[in-house]
Every structure is written in C-alpha cells, then in structure tokens.
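Now for the letters of each chain:
2 protein chains.
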Amino acid sequence: MKFGGTSVAGPEEIKRAAARIVGAREGGARVVAVLSARGKTTDELVEAAYEISERPVAREMDMLLSTGERVSCALCAMAIHDMGHEAISLTGSQAGIVTDSSHTKARIIDVRAERIREALGEDRIVLVAGFQGVSTDSRDVTTLGRGGSDTTAVAIAAALQATVCEIYTDVRGVFSADPRIVPDAVKLEEVSYEEMLEMSASGAKVLQLRSVEYARNHAVRIHCRSSFEDAPGTLVLPEEETMERPLVTAVTHTDGEARVTLSGVRDEPGVAGRIFGALATANVNVDMIIQNEPVGDDQLADLSFTVDRDELATAEETIRSLGDVSNDVLKDERIGKVSIVGAGMRSHPGVAAKVFETLGGSGINIEMISTSPIKISCVIDADQVPKAVKALHEAFDLGADAVREEDPTGTEHRPTVPS
Amino acid sequence: MKFGGTSVAGPEEIKRAAARIVGAREGGARVVAVLSARGKTTDELVEAAYEISERPVAREMDMLLSTGERVSCALCAMAIHDMGHEAISLTGSQAGIVTDSSHTKARIIDVRAERIREALGEDRIVLVAGFQGVSTDSRDVTTLGRGGSDTTAVAIAAALQATVCEIYTDVRGVFSADPRIVPDAVKLEEVSYEEMLEMSASGAKVLQLRSVEYARNHAVRIHCRSSFEDAPGTLVLPEEETMERPLVTAVTHTDGEARVTLSGVRDEPGVAGRIFGALATANVNVDMIIQNEPVGDDQLADLSFTVDRDELATAEETIRSLGDVSNDVLKDERIGKVSIVGAGMRSHPGVAAKVFETLGGSGINIEMISTSPIKISCVIDADQVPKAVKALHEAFDLGADAVREEDPTGTEHRPTVPS
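If you read the protein sequences in the order shown, they are chains A and B.
Be aware that the first sequence starts at 26, since it is given in this note's numbering, and climbs by one per residue.
Be aware that the second sequence starts at 26, since it is given in this note's numbering, and climbs by one per residue.
Everything labelled a hint here was simulated from the structure, so no lab data went into it.
Cβ atoms here follow ideal geometry from the backbone N, Cα and C, with glycine treated the same way.
Some hints here could point you the wrong way.
Calculated pairs, SDA-like style, for lysine to any residue (alpha carbon to alpha carbon, straight line, at most 25 Å) [stated by the list, open to error]:
| no. | chain 1 | residue 1 | chain 2 | residue 2 |
| --- | --- | --- | --- | --- |
| 1 | A | Lys-130 | B | Pro-208 |
| 2 | A | Lys-379 | B | Gly-64 |
| 3 | B | Lys-65 | A | Ala-183 |
| 4 | A | Lys-65 | B | Pro-208 |
| 5 | A | Lys-130 | A | Ala-183 |
| 6 | B | Lys-230 | B | Pro-208 |
| 7 | A | Lys-65 | B | Gly-64 |
| 8 | B | Lys-65 | A | Glu-37 |
DEER-style ranges, computed between Cβ atoms [unchecked claim]:
| no. | chain 1 | residue 1 | chain 2 | residue 2 | range |
| --- | --- | --- | --- | --- | --- |
| 9 | B | Val-354 | A | Glu-111 | 43 to 51 Å |
| 10 | B | His-243 | A | Asp-162 | 27 to 35 Å |
| 11 | B | Lys-65 | A | Arg-359 | 53 to 61 Å |
| 12 | A | Glu-72 | B | Asn-390 | 52 to 60 Å |
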C-alpha cells in the first residue's frame, strides 16, 4: 500500500491511512506501506535549501529531502500502535532500497528486502519511507526524484512478490479524461501497462511514469485508488489480463509545454546530435521533435521541439551556448498537447484521421503531431486544450452518457460519487 | 564545534555557523561540527507526535525526532560548499555513534569514527547530526534525550582526541550568576569539570549535565562560547589545569521545582525503597530528599522530596498508586533552589554558615538544604529566588564591581559587551 502526500497531510489523514492499513492486516493480508512526505513538506525543504544556496549540493539535497518521508512513517507507526498492532518504520536504507549514486534522481538497482521479510515474519506491519534509498558505493542517502514513492512501492511489491500494489491518492482512479474538463469522464476499471505508460507520458498525473515501467517489467499489479473512499479504483495490468478494450481508452492532455524552433539549421550529419546531446546534458526533457525538409540551395532546415515550460529558459540558454547551429531561435510559450491512448488502436486504422477531423471540425489548429502504436498526440494552442479534450472525448464515445447508450444499466462504467 | 538550535535557527544563522566552521578550517584545524535541530523543530515534531498518539511508541519517536538534526546538517553542508570547501553531512548512525537500545534516552556506548576519519583524511569538513545514534542490537535509530547534541559533540571529540570541543550557544559562556538577575555577574574564564557538573545539576542551563560527565571521564576540553560574537567564552577543564579559584565560583538557581511531602510514613525498612523505586520507574527525577526523625509511638515519619514542577503530577499519581505508604500527600508547587558552587569550598569551612546568614539576613526562609563537597543548595520560596541569588552573589564578592576592587584594570573579569 502506498500513500501519497495528500493522504498523510495531517494527523487525521495519517490516522485514516493507519486505519486502512490495519483494516488490510485484519483482513488477513501481510502489509507493507510506503509513505510519502506530508503535504507540502518536500516543497518547504526545497525552499529551505534555496534560502541557503542557489545551487544546493545534490548529496546534501538528498540528506535533506529524505527526512520528510521518515516523519510520515514514524507518525503512522504511532497511529497503528494505538490501534493495537505492531508496526515498524524503516528508512529506505533500512528497507534495503539500493540505488545508484545519481543524487536527487537515483535509480533503484536492487531491493534487499531481508529486514522487511523479517519484520513481516514477526507479524509486524512494515512502513517504508518512500522516495529514497542508499547508494551501493558510498552508503549515502539518495532520493529517486519527485514522485519516487510510487516507484519505491512497486519495487518492494516486486521484491516481495506481493499480490497487489495499492497506490492510494487523492483521486478515485484513472479517468477517461480529466473530470475537471470533462464532467462525464468515467473512471476506468482497468488499463494495460502500455496504455498507462502512454497516459502518464502524455499528461495523466495519477501514476509516475517510472513506477509504471517498473511494474510492467516485473509484472506488478497496481491498484490505483482513493484514500478518501472505499470504492475500487483502477487496476493496471498486463494487456493479456485486460478485458476487450474499446478503440480508445482515454484522452489526456498537458498545457504546460513550450516550443522552441530553430530556423535555418544546417542540414548536415551531427547537428541534431549536438543539439539534443547538449539538452540532455542540461537535463532538459525533450518531448516532441519535428524537422522539415531542407529547402533551397543553402540546405537549411527548420527544427522544432517541445519541452516543459519550466525548462524553456534552460533549453534556450543551452541552444544559444552552442552558438552556430542555426540562424535564429524562436519560442512559443503557450502550447498544449492533447493525446488519445488506447491499446485497441493498434488493429484499427482510421483513428488518426478521426482525431484530425474532430480537432479541425472544432476549429483547432494542429501544430505538431506524434504517434505511437497506441497513442496519437497533437500539439495545439494552450488555450484550446479544454475544448480539444472535450471534443475528442465525445467523438470517441468515452463518456458515462455514451456508455449508457450501449449498456442500459451503466453501473459498470459510471463514475462513483465521492462520499 | 557544536552549534545549538538557536545557532542554526534560520538561513542567516546557518550561514554564520558555516562561516565559523570554514574560518576554523582555514585557520588550519580539521573540523567536525555537530548540529542540533533548527530552532523549534524538535518541539514541532514532538507536537506532531502527540497529535497522533497520547503515548507515542519510543522507537518511532526516535525515528521522527532524528530528522531535525539531519536537516540542519544538510543545509549547513550546502552553505559550506558555497564557501568553497568540501563538506559532508553524516547521520548519527553514519558517524558511528553507537548506543544502547533505550529509545528517547539512549546512552552512547561506542563511537566508531572510521567514516569521520576517512572524510577528514579527504580534507572534508564533517557535519554530524547531533542527539542521535544507532542501536547495536536492532540497528534502529536512537536519540540521546533533550540536549543530547552536547554529548554527541563531546563523544566525537573524545574519539578523535580533538584539541578542543567548542560548544556554540546563544550565551557568551558560563557566568557567576544569571545575568538577567544579577547585572554585574561576570563571565567565568574557566571552571573545572566538577564545578560545571554541580552548576549544571543546580540550574545552569548552558551545558547538558551528561556531556560534562562524558567530558570529565574522557578529559575533553570544552570551550563554551557564543555563536554571535568572537570573544572567548568559558573553558571547562580538569581541576588541576584551572588557576587558583576563589572560594565560590558561581551562584546558580532554579525556580521550576515542586515539593512533595508524605506525612505519616511508616518508618520501617523498605518503604523509602518502594517509594523512590516507583518514582524511578515512572521516570521522575528526584532532586533533594529529606526525612525527619519519626516521632511518637506509631513510629511515623514525614518524608519530603523535590521534583521538576513538570513531573509533579506524575510523581503524585505514582505515590498515590502505592496506596498505603503514608497518611497524606501534600505538595508545594512554588519552590525554588539557590546553590553556590566552588571547588575552593572543599578546604574552607564556614561557607555554609555564611550562606545561611546571608539568606537569613535577607529575610529568606530556608526550607531544605543539601550539600556536596563543592556545593551548597537551599530550597526556598520560588518568589524569593532572585533576591537570594543577588544576596549570595554580593556576599561572596562574585560581581564585576567586586573584582574591580581587587584588580584595578578589571579587564580579565569584566564581562564583554555583546556586539
């Protein structure tokens, strides 16, 4: 069981999480719970670091940030004790989460779960501080990067061959679209790892991408659900275990991207490598890339790519530091992206055409396109994102109303009402 | 170097501590700095625990509280890096502070300082999270109890055979009396371990008792000084290294005590053992104990003892739980204690008489007395404590004015003016 920051934000939330953990234990399960830092704790610690230093040392950043999850675990263990069960909190290091030495973005390389197994064998509930581990070579505290607690939970579930990895969060599951934009969006009962990966990569915030990858690679069943109500959420499973899927599963979106266009790039081998190599070194995450055919005698091309808006300044600076790669660097800070994701798409041609027609029919201009076998993404003006999401959700009949037409009871797909 | 909570309270204080550490390094010293939690952090964490549970499990309390010092160390390491020096923060466990398993009041049983030595050998400044260690048997995080960071610093200084253990605090050193009560109290240049122990035990808050004991047992020189100014503070040394001392070194006081009187206690073997055994089990710290001669045929005696006012309720409850030990339990919540401490007292009779005369002459009633070879303590009404401290400080000529009469330059003993 993994509880996110909002699920352990204050004493009441921590007690609620403890009650859920105890409920699972009393239901016969052996339970390991991974906890995130309380509410805004991590943000506050980051702020404290930047009050001290403009460029905090990564090793010390990890020592600093790793304290937040420990606080959550210790408090939750106290609550569980009061409910009459033995609980023990473990740091990432004590829990055997072994990582590489990339401070602030470490990768798990091993889970040495002896101490967890030992505690479970003594009939204890085990609480593990999420988001952190210990580096093999220097025995230093490391952190896995934002949202790393999901990965901790999945990694421990894999190591223990757990029946399920339950990710408790402040939403009720994975939806066919963001319910704040599309009121009749439905909660999905199950999605495949591949669909979830595409959805996480294209804007669904409910699960961290890396944790889904880890789950797929180790066949860990994820149950993504609300910590504030009892209704089941969404299962993330191997595709062969999912039921027959409709053509399209969900519409996702982001509206926090920006586009950089390099005009007049010399079309010769190695230029793109230099550009994107430099961006990777600067830790800028590039999403889509488009290069048009070079025209004219000078063989100059235009190259566009999208990045997180937060990383635009770094991206621009990086490009300019390369000096001679293009005639000009243009930027558009107001772009968004809508995507449709669905495993059923693989065997059905014509989905892309329907996407383009739908957006065109709504007067939305498509600026860039990228596709995968189970996803189609379109870059559009940021202001038009809500309109595009609504139009696609309706065009592919993903809403509760649409489902009701086919299934008169509608109970299976209708979203549950929050209690 | 050890920095207390007020010395690392905010970003400015942390940078000031970092600058001091860097200054010492640049002066040629190899530096290990022990840091406390920032300002009110520990109080806030304790509060968070009590919001969850009325009786937080001790093991989890330690996991919780140990995070505060780690935050301080990580932030200070960042500040030192920005000043161009390599620094590394270590948890108590990483620093090799090995303790017993008494959670929330663990005792240091070993300091395995290999990792500190290694880092010093690599020309790094080492920052160690104070107040915490790791238990030998269960590899759990332990804490040393309030003020334990002083002990961490002294223990590391002993293990490394450090030249000096500098304790930075928000006062300028050890004074002949509390300067808030006695304006002409002087900063002492040096005191012996024995004097410091008596002073800590009788109300001087500047150094934690356990750390002074540890320093005495391992001959660690302590320099207790202000983190906000450069003037030297007070050295705590073996008695043979101190200069000829005056009869009395300082007047100390407490005004936060309470007295419990059991009237009609059966005067038979084992009763006192039961009473104080039960109080010890309930973790009540008993200071003074007085029992009068039993009178009359029934052989009933009166027994009085003093405790911290905070522990009065627990003490009373404990005594009542014993049921049949006395006819009645009376309490006085408003008592204080004044003490005079001085190694010179050993060889000079008549000091006690002068104390009693001085208090009597000021119209102060002495309710209980306890003595050691270098200390005389009197329990008095709490409201009369300031008057008693002033009278004793003057009677024994401890003030700056008094010293000036003997030493016309007065420079040696005059308190420095805070900058």
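Under the constraints set out in the numbered hints, which ones does this structure not fulfil?
1, 2, 3, 4, 9, 11
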